[in-house]
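Peer 1: Dock the two chains into a complex; use the hints.
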Amino acid sequence: MSCPYLEYCRSDDVHEFDHERPHCALDDSFVSPMKADVCNDRHDFEHPAYCEIYRAAVDEGVAGEAVRDGAAGDEVVGDDVVTPEVTD
Amino acid sequence: MSYEDYLDGGSVILTVAPTGGVHGKDANPNLPEQPSEIAEQVAACEELGASICHLHARDEHGENDAARLQEVNDAVRERCDDIVIQNTTGGQSTYDSRVQGIRTDPLPEMASLDMGPFNRGQHIITEHTRNNIDNLAAEMREKGIKPELECFNNGHVNEVYRLIDRGALEEPYYFNLIFGGGTFTPPTPENVLNLVSNLPENSEFNLLAVGRHQLPLTTLAVLLGGHVRVGMEDNLYYRRGEPVESNAQLVERTARIVDLLECDLATPDEARERLGIA
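Same order as they appear, the protein sequences are chains X and B. Position one of the first sequence corresponds to residue 9 (the numbering used here), numbered consecutively onward. Position one of the second sequence corresponds to residue 52 (the numbering used here), numbered consecutively onward.
Incorrect hints may appear among the rest.
What the simulated footprint calls covered on chain B by chain X, stretch by stretch (three residues with Cβ under 8 Å from a Cβ of chain X suffice, anywhere in the stretch; the number is not a length) [to be verified]:
(1) 103-114
(2) 125-132
(3) 137-150
(4) 162-176
(5) 207-219
Selected chain X positions facing chain B (Cβ under 8 Å, derived; list incomplete) [unchecked claim]:
(6) Phe-25
(7) His-27
(8) Arg-29
(9) Ala-33
(10) Phe-38
(11) Met-42
(12) Asp-45
(13) His-51
(14) Phe-53
(15) Ala-57
(16) Asp-96
In short, the hints are calculated from the structure, not lab data. All C-beta atoms, glycine included, are put in the ideal place defined by N, C-alpha and C.
Only chain B is shown next, with the shape it has when bound in the complex (with noise of 0.2 Å):
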């Protein structure tokens, strides 16, 4: 997790985020929505290197629905040789909805475990309590599925030290860094500089940019050691103007940075390795 690991040339986990729950076809009509769409879209980027893939799930008119998430693993798993699923515990639902995304049969390897609330649109403030925080931690740990710390900004940081605290973590804890506008970071290689100074020991980083962020900031997250995560929940542009065809375009894109950085992407079993999932 620094600059010398990267000169060591460890491997980079490249997580995919196909869907997420923000966007719809009616912004990018690439956009995977239903079960067998996704998987097509997690099978094409798992064979471009993507080693875990972060799953959103919608129902028929493509809005959210926590419910579908199982259709949507059954799908991937049915599509894809090895991927890590990491399904979303995360969104402005409530715990009800949220504590979905782990009680998927089989369980996920992972789950996405945000570290705090965020401000939505001009009147909305996601629910998102310490003590929701506190159950899912629990819920993962007991079921042996390995969160990724979703820290939309830095305060967030101070929120894993405390579940550390706790006890309610197991090492390494792997942080997922989120930079972009609103209540995240700001978008800028001294956030990202400064937030990775700032993580505990035996940390593992994920780094998530949007939009026109993603690339440049993923990038420098190779640099420091870091791993990366793209896909159309996060980016609808591979570059100005021109719409994202595909999941697999932006993993095929990162895949080539990677490679010129002398780096390899790990295997899913990697991934496994280097973050302690059993």
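The following block holds chain X by itself, in its conformation from the complex (with noise of 0.2 Å):
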């Protein structure tokens, strides 16, 4: 079962695209294709167990609110985003 914050939509404040792309509700956030696998519990990776960002909603008992600002996975280097992984 995909989470239930997970949504798909063309555009948020920042992103404009033609075609609807996977959003993430919680974080008010476009998902990377990494983690939409995670939002889709595919490939065995199913979100409560796996998403840090539904974890932490039900942690902190404010699922249904924006609970972290910036997406997790990518290292901001200055302007640069330094990517951590590669998916060969």
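Peer 2: Encoded structure:
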């Protein structure tokens, strides 16, 4: 079962696309392809166990609200996003 | 695979990794996701001297979808002249998804072969056991697909030796040495030198470094007689604060550096010959 906070939309305050992309209502941000596997419970990655955003929301009892700022995973150095992972 | 090889003027194999499985257009709108976009960018890179393309596939939402590798392969073959197709068998997916990269029709000439798992996010370890690796290696060998041996850290070099001891690989062994954060090898020149010194005889190596490390460490690889991979899978910025406009922009820069270092880029056929691809 997909995460209840996963939605598909074309735009937010920063982005606009010509197609729908996965978006996290908890984090109020678009979801990377890698994270979307977890949102969709693909490859045995169930979101209650593997998603830090969902887990934090449950732990804090504030699911349904924005629980943190910024997306997890990308290490931001100055203006550079230093991609920490590749997928070979 | 040494500084002497560089001085002798051996050709450099340039691989482009246009898409990957980590980032999407929300991170950089120029990252190609759909088959036609990927093929168009790969064709531009081929014109600039890339001889191998490392391919991932996405669905209509930009999410990872190995089932669409066939469509991506078809588009690249349609759009490009002769570039070597290297499909991914990597990522964080299960074996059934990974293996789709070596079951396209026609088969790819190359495929990536991750040499072990790594950590992702806060709660994920990619599922990639030795059993998976052995099965993928066996199917690649049976089908004549050249594996690129993805070494995310120096322990993964040990795993290649394990495959060699099992007789699972054919020479030359083609390593992809990966440098970055997390469970990857820390991206320093010293670590590049050390890893290269640990490779077996009859090897060739490619170097992949993420983000701002892509430019300096791939340049170092050329000086060590190695090969290079660039592309938006590994790096979304051309320089600090300046997003990459296209994969061709990164390939063009590397081609220029290789030329300044008085080396030639390998053509696809030269890459095939160097790597023992039938």
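Peer 1: Indicate, hint by hint, whether the structure satisfies it.
Peer 2: Now the hints, each set against the structure:
| no. | hint | result |
| --- | --- | --- |
| 1 | 103-114 | holds (count 7) |
| 2 | 125-132 | violated (count 0) |
| 3 | 137-150 | holds (count 7) |
| 4 | 162-176 | holds (count 8) |
| 5 | 207-219 | violated (count 0) |
| 6 | Phe-25 | 6 Å, holds |
| 7 | His-27 | 6 Å, holds |
| 8 | Arg-29 | 5 Å, holds |
| 9 | Ala-33 | 15 Å, violated |
| 10 | Phe-38 | 4 Å, holds |
| 11 | Met-42 | 5 Å, holds |
| 12 | Asp-45 | 6 Å, holds |
| 13 | His-51 | 5 Å, holds |
| 14 | Phe-53 | 7 Å, holds |
| 15 | Ala-57 | 7 Å, holds |
| 16 | Asp-96 | 4 Å, holds |
This entry does not satisfy hints 2, 5, 9, going by the numbered hints stated previously.
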